[in-house]
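Protein sequences appear in the order of chains P and E.
Everything in the first sequence is counted per the numbering used here, starting at 1 for the first residue and increasing by one.
Everything in the second sequence is counted per the numbering used here, starting at 347 for the first residue and increasing by one.
Note that these hints are calculated values from the structure, not bench results.
A portion of the hints provided could be inaccurate.
[What the hints assert, rightly or not] Now the stretches of chain P that chain E is said to cover, found in silico as 3 or more residues with beta-carbon under 8 Å:
#: 1; segment: 66-76
#: 2; segment: 81-88
#: 3; segment: 288-294
[To be verified] Here are the simulated distance ranges between beta carbons:
#: 4; chain 1: P; residue 1: Arg314; chain 2: E; residue 2: Thr396; range: 26 to 36 Å
#: 5; chain 1: E; residue 1: Arg483; chain 2: P; residue 2: Gly155; range: 39 to 49 Å
#: 6; chain 1: E; residue 1: Asp610; chain 2: P; residue 2: Gly155; range: 55 to 65 Å
#: 7; chain 1: E; residue 1: Thr456; chain 2: P; residue 2: Glu124; range: 46 to 56 Å
#: 8; chain 1: E; residue 1: Thr619; chain 2: P; residue 2: Val151; range: 20 to 30 Å
#: 9; chain 1: P; residue 1: Pro82; chain 2: E; residue 2: Gly413; range: 33 to 43 Å
#: 10; chain 1: E; residue 1: Glu532; chain 2: P; residue 2: Gly111; range: 49 to 59 Å
#: 11; chain 1: P; residue 1: Thr56; chain 2: E; residue 2: Lys428; range: 32 to 42 Å
#: 12; chain 1: P; residue 1: Met224; chain 2: E; residue 2: Thr441; range: 36 to 46 Å
#: 13; chain 1: E; residue 1: Arg483; chain 2: P; residue 2: Met224; range: 47 to 57 Å
#: 14; chain 1: P; residue 1: Arg314; chain 2: E; residue 2: Asp623; range: 52 to 62 Å
#: 15; chain 1: P; residue 1: Pro32; chain 2: E; residue 2: Arg563; range: 49 to 59 Å
#: 16; chain 1: E; residue 1: Glu497; chain 2: P; residue 2: Gln156; range: 49 to 59 Å
Note that the Cβ used here is the ideal one computed from N, Cα and C, for glycine as well.
Here are the chains, one letter per residue:
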Amino acid sequence: MNTPIVSARRAGDGSNGARVDMFTDLAKMHLPSPVLTASGCAAAGRELDNYFDITTIGAVVTKSIMLAPRSGRATPRMAETPSGMLNSIGLQGPGVDSFIEHDLAWLNHRGARTIVSIAGGTPEEFGKVAAKLRIAGGVEAIEVNISCPNVSDRGQVFACRAETAAQVIQTVRRNSDIKIPIFAKLSPDVTDIVEIAQSVIAAGATGVSVINTLLGMVMNTSTMRPALAGITGGLSGPAIRPIAVRCVWDIRSAMPDIPIIGMGGIRSGHDALEFILAGANAVSVGTSIFNDPSAPARIHAELAQELGDRGFLRVSDAVGYAHRPHTPTVDSEAQSSDAEWDFITE
Amino acid sequence: MSGRPIQVTGEILDVNRSGSYYVISVTAPGISEIAEPGQFVTVGMGGDETSMVLRRAFAIHRVQSRGVYGGTLDLVISPGGKGTTWLSKRRRHDTVSLVGPLGKPFTLPTQSVSCVLIGGGYGSAPLFLLAEKLRERGCRVDSIIGASTEEKLFGALDLKRVSTSLVLTTDDGSLGVKGRVTDVLEGVVTAGKTDIIYACGPMSMLANVAEFAVTHRIFSQCSVEESMACGIGVCMTCVLPIIGDDSVTRMVRSCVEGPIFRGDRVRWADIGTVPPDTYGAPVEEVST
Ligand SMILES: Cc1cc2nc3c(=O)[nH]c(=O)nc-3n(C[C@H](O)[C@H](O)[C@H](O)COP(=O)(O)OP(=O)(O)OC[C@H]3O[C@@H](n4cnc5c(N)ncnc54)[C@H](O)[C@@H]3O)c2cc1C
Ligand SMILES: Cc1cc2nc3c(=O)[nH]c(=O)nc-3n(C[C@H](O)[C@H](O)[C@H](O)COP(=O)(O)O)c2cc1C
Ligand code: FES
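For reference, chain E alone in the conformation it holds in the complex:
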């Protein structure tokens, strides 16, 4: 069981560019000490009188103990909408509100097994902590990171350092193998005799990885990304159809029961719907 989440004010220590991303280092006393691979934090946007009422979720990329600053977190920001753009413009000494660590972490194997780690875009962010933990346990770690283009591949050099092997893919062939992560997956799995696949990235990538894992009888864990309003389990916006231990499908909150799910338990093709056999699904449509 992971530690209880807390709410703290963090001070930004550094903002560094990395391709099309920004890596933000922020003090997070009490969060960084208990954070586990795969967990995330939410960051308050825009200051006290902001019109952005919702926090944004970011995977915990690294945790460090930095002397006088105490524990710090590194987050990888992909500026896109209003909030992520605002956050990418923060500077040293700015403060932000943090809540975390949130969500369930990746499950780690008890033995030194052979693992493949797959990251799509900024989805490689949480894989560093995971790779380190797996290596500590003597696991083989083969990493694959992919993106549309070189600019969007995150952290190839750092991940290479903690991996047994690393393959890069880009859709446009600007770096590494031209194609998708799933195009090289079979080769990597065969060479490494893979027991577990860990994946984080766009939902379409996760769906393909999970399908591959199921057909090859490999255990998989995927970190999903669903739109979240609260991130702490109180609002029910972040749900997706998950098959439970009892084989029953339920609409499950990805912020508290995820974001890490077994690949074979997510009904990938049904995301964005409520499958008719879901627990509590409408028996009949409201007459209109």
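One chain only, chain P, in its complex shape:
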């Protein structure tokens, strides 16, 4: 790890960002940016291409796709909450065949790098979706959304137990090209996220994506019933950011070398930097896209600036920087005064 000149150029003169090398090696992918979209917040990239050039960001992570077409849940499907929102979409989507034919083909034609998020109600369904993608090709990596209900486990999500999480990852690994990186997307609604992370890595995941939404609930005080038709929903947005940063930190502490995609409430380059310092190799931007459709491109530029302001020359040098051993910070002034009082210490 290169040591940056931490105290230098704090204020930032507006040009430091341009010098920072933003290329990101994530698993076996070589990406021009560490900034990705979060699954379910960018559809399949096409709409966002109106607002920024989707080929400039690291990759488009597509909405979790299942084997068959799905209508999703009834409405209302969302509620705004303080600095966040609840959603209960229910994985509406066209099914993997239509996705490959229309969405994936478009992304490839457009020249965007694509990480396909997949979901299923059984480990076998995950496996079938992965197998279809293997045949289709044109996929940089697979993100496995294990935060969906397990049909044979009373609808408990796969992500909440180490064994079920590992079972899904094993099946996806078996059905995928050996060269394709697989990211397991973890739920923070567990007692020990590190245990789940270790089990999915042991089961063959290349890395992890953290975090998915947290389960929450809002009441509609006019109808005096739950605000969402699905009763509960997933909480996202800046409200969950500190939880997400903590999850990245804990997993990075336990596993120094695995690729980590961090996400949860990233609204600015400054927020993205928090995740990278905590140990994320790349970051995904979700809910903020709803507020600012060009957020991923803006956050890329702001992150470069934040890194440059702190003297980093490469984004990769900042990954996990907050984990460095604690040495007393010695800036130049402190050094000189230390030297003057040298005779006292000792």
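Guided by the hints, dock chain E with the ligands onto chain P, whose structure is given.
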């Protein structure tokens, strides 16, 4: 095909009260030039560090070219929740983030046919642009606007100017005919030999208008209002059951494939549910 949406910062030029609404004029370079009747914009709420993470959608009421300011938009705001209340308190020179024009516009007839325009509450906002376009094509335009009470009738005078006839209704009889827009619809349609009905307003009103249009074999277009998180087609919150050209019902995004739908294609009674015959509907409930 309508123009690509863009994201711009607009400067507020005026905020005027109109009954219980606020009419906001805002610069929208690049949006106002390509906006078509029935399209909407979304407005960012509360400034940079706001706790309101979602934009709010507003129908485009008017577009103007205002000399040095370039293109401007007028929006009609009904303050209710947090965001709309915040927006109604903006003042001249404040800036807001705008995304638009969004959604599909009203479909215009190719011939000079007879049209009825129905607006409920602030639902009359997008009808002005539409009325102007229809009149340019030589169409007859009979307008009906209704609300619970006089304060909530929007823009009667302005709409009168561009309409062949105008009927007002209020639930409490404070202005115009006491009752609902659908109570006067039959009379207006008979007098005008109506070919097309355009409607915008509360969902219950739209459902009644669409039913009327179907039974009277009149073509109708309704502008629906569903809760939206993104407004640009990426989140799937704004869906409702729509019958496609192939007779199959799908949960369709109202922000990109609407907000204007043919009245006979919306399954009004099933809004808020996923009808069992919907494409991709759950075959069996997850066992609990
Ligand atoms: C296509 C379209 C056109 C619209 N045109 C107008 C207009 O011209 N004038 C006007 O005053 N209002 C209009 N609305 C409704 C307006 O967007 C809502 O009143 C507003 O979003 C509610 O925000 P709030 O901050 O007052 O309420 P809050 O309760 O704070 O809103 C919370 C969240 O729920 C969403 N939401 C709540 N109610 C609605 C609703 N009725 N429709 C859509 N989203 C909702 C909001 O977007 C927000 O994300 C339109 C809505 C749509 C979909
Ligand atoms: C509307 C919506 C839909 C989502 N859909 C998915 C999904 O299909 N698959 C998935 O793995 N995560 C999904 N997520 C979770 C996000 O990818 C992300 O993990 C989470 O929202 C936290 O990031 P954020 O705060 O930046 O949004 C969804 C989130 C939202 C808000
Ligand atoms: S509001 Fe997000 S898809 Fe329509």
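Unmet hints by their number, sorted upward, for this structure:
Checked against the structure, the hints that fail are numbers 5, 6, while the rest are satisfied.
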